[in-house]
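Let the sequences and hints guide you as you build the complete structure.
Just so you know, the protein sequences line up as chains D and P, in that order.
As numbered in this note's numbering, residues 1 to 191 make up the first sequence, in order.
As numbered in this note's numbering, residues 1 to 219 make up the second sequence, in order.
Derived by calculation from the structure, the hints in this document are not laboratory data.
One should not assume that every hint holds.
To be verified - Simulated crosslink set (DSSO-like; lysine-lysine; CA at most 30 Å straight-line):
(1) P:Lys131 - P:Lys85
(2) D:Lys122 - P:Lys19
(3) P:Lys144 - D:Lys131
(4) P:Lys131 - D:Lys27
(5) D:Lys15 - P:Lys111
(6) D:Lys122 - P:Lys16
(7) P:Lys52 - D:Lys175
(8) D:Lys15 - P:Lys53
(9) D:Lys104 - P:Lys19
(10) D:Lys15 - P:Lys85
(11) D:Lys15 - P:Lys136
(12) P:Lys180 - P:Lys52
(13) P:Lys136 - D:Lys41
(14) D:Lys72 - P:Lys19
(15) P:Lys10 - D:Lys123
(16) D:Lys27 - P:Lys100
(17) P:Lys52 - D:Lys15
(18) P:Lys131 - D:Lys131
(19) D:Lys182 - P:Lys180
(20) P:Lys16 - P:Lys117
(21) P:Lys100 - D:Lys41
(22) P:Lys19 - D:Lys123
(23) D:Lys15 - P:Lys119
(24) P:Lys19 - D:Lys108
(25) D:Lys67 - P:Lys49
(26) P:Lys178 - P:Lys55
(27) D:Lys67 - P:Lys53
(28) P:Lys85 - P:Lys100
(29) D:Lys101 - D:Lys122
(30) P:Lys180 - D:Lys72
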Amino acid sequence: MVSINFISSIGNSFKSAYNRMPSMVVKKDNIINGVAYIGRKWTSPQQRLILGATAIVMQPLIDWNNKHVDEKTRKVSVARTCAKIIAGTATGYALRYGFIKGIKAFSKPLSEVPKDAKPFAKKMMTWLTPKNMDPNDMDALDQYRNAMGTIWSLVAMVFTNFLIDAPLTKFLTNKFIGYQQKHEQKGEIKQ
Amino acid sequence: MIAPFKWFTKSAIYAKYSKDPGNMLVHTGVIGWFLSSAAQIFAIAINDKISKKEKMFLIPQEIADAVVNCVSFYAVTNSIKSVGKKLTNTAKLRTPAITKLLEERGLILKKGAERAKDKIYAGDWNFNITKLDGYKTDIESTYKPFNNGVEVATGLVGSILSSNLITPVFRNYYAAKKQKQLMAYSGDKPNAPVVMPKVSLAAYQKLAASKPYSGNLKV
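Below, the structure is given as C-alpha cells:
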C-alpha cells in the first residue's frame, strides 16, 4: 500500500539521518560523575522537591497571566496554586523520604543481618528483602528500596492528601488571599 | 494471587524497577498526581472562603489539571525519557570509557572511514549496546550508571515541562471555558457587564407597530 510505503520511507529517512548525526562523547569527568550521581541518588523525594521548586517559579506566573478569567478569579487562582505547590511538595517530599528510609531498615540483605540477631529481629530486618535480589548488586537493592518506599508513600497519600494536603492548602490559600487583600487596600498590588 | 497484586510483590517490584529508576519515577508520578488532584478538588469544595463563582473556575481547573497532568506527565515525560534512553542505548551519547570498550570491538566508525555494508555501528539507530556479547560481564558496570543518570535527568526535564508548563496552560484554558458554561447554566451574571443597546421610545413604538404579533408579545 502507498501509505505504508510512504510511512516506511519516512521512517528510513529518519533512521539514516539519525545514523549520520555525529555521536556525542561526554568527556568531562565531573559531568559524567554528576550524571551517574543523579541516576543513583535522585530518587522520588528529590524529584518531588525539584518539581515543587520549579513549579513555584513557573505556575503562579502562568496563572497571573491567564487572560481568560476576570482579575479576582485570577488572584484566587494564583493564591491557590502557590498554596497547593507548597503543601503538596512539603508532604510529598516528607512522605517519600520517610518511607524510603523506613523501607531500608526492613529490607536488609542477609549479609547485613548480625549473626547474633534474634529470629524475630532477623525476620523484621529482612521482611521486605526481595527473594530474587542480586547480592552483588547493592545499587539495584537501593533502587528497589526507592521504588518500594515511593509506592508505600503513595498509599499513605490516599489519607494524607485529605488529612494534611487539603486542609493545609485551604489554610495557605486563605492566608495568601488575605495577604493580597491587605496589600490591595494599601495600594501595593495593582488592581 | 490476583493479577494486579502480582505487580506489587517484592520480587515484581525488584525485577521491574531495580534496574530502571527512570520508569519508576514516571509510573509513581502519574499515580501521585491523580491522588493529589482528588484531594485538591475536595479542598476547594470545602473552602467556604472561596465564592461559588470562583469555585466554578477552580473545580474544573483542578479536574482539567488532573486529566492533563496525568496524560501529559506520562506522554511527555516518557517521550523525553525515551529520547535519552535511545541516545545512550545506541551509544550516540556516551562516555570515553564506553567509547574505548566499543573501539576494542571495532564498533566505532572512524572519521572519514568507509562504512562496511550491513554492519551496524555504535550511534546507529539499530545499535543496541545492551544486546552486545559479554554486555553483562564487560560493559554493564560502565554503561549502566551513565544510562540511569541520563534517564532520570531526561525524565525530570520531561516532568518539569509537562507539570509546570503544559498542564497549567491547558488547564487554565479549559477551566475558563467551563466556568463560562457553568455560569451560563446557573444563570449567574457573566464577568464583564453586558451593555444593552439604548432604544428610544419612538424607535421602540415603531418596532412594536411593525411586528404586532411577533412571538408571545402582543401589542
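* Mind checking the alpha carbons of Lys131 of chain P and Lys131 of chain D for me, to see if they're no more than 30 Å apart? => Measuring from Cα to Cα gives roughly 26 Å; hence the hint holds.
* Straight-line alpha-carbon gap Lys67 of chain D to Lys53 of chain P, limit 30 Å -> Holds, at roughly 17 Å.
* Asked: Can the restraint linking Lys180 of chain P and Lys72 of chain D be considered satisfied, given a maximum Cα separation of 30 Å?
  -> 15 Å, holds
* 30 Å limit on alpha-carbon distance, applied to hinted pair Lys104 of chain D and Lys19 of chain P -> Between Lys104 of chain D and Lys19 of chain P the Cα gap is close to 17 Å, so the pair holds against 30 Å.
* Given hint Lys100 of chain P paired with Lys27 of chain D - CA-CA distance at most 30 Å -> Roughly 12 Å separates the two Cα atoms, so the pair holds.
* 30 Å Cα cutoff - pair Lys131 of chain P, Lys85 of chain P -> 14 Å, holds
* Restraint status (C-alpha distance of Lys15 of chain D to Lys111 of chain P at most 30 Å) -> 19 Å, holds
* 30 Å limit on alpha-carbon distance, applied to hinted pair Lys67 of chain D and Lys49 of chain P -> Since the Cα atoms of Lys67 of chain D and Lys49 of chain P sit roughly 23 Å apart, the hinted pair holds (cutoff 30 Å).
* **Hint consistency between Lys180 of chain P and Lys52 of chain P [alpha-carbon to alpha-carbon, up to 30 Å]** => 13 Å, holds
* Asked: Can the restraint linking Lys178 of chain P and Lys55 of chain P be considered satisfied, given a maximum Cα separation of 30 Å?
  -> Roughly 11 Å between the alpha carbons, so the hint for Lys178 of chain P and Lys55 of chain P holds.
* Asked: Quick one, are Lys182 of chain D and Lys180 of chain P close enough, alpha carbons at most 30 Å?
  -> 29 Å, holds
* Asked: Is Lys19 of chain P close enough to Lys108 of chain D, meaning Cα to Cα at most 30 Å?
  -> 18 Å, holds
Checked against the numbered hints given earlier, the structure breaks hints 8, 14, 17 and 20 and satisfies all the rest.
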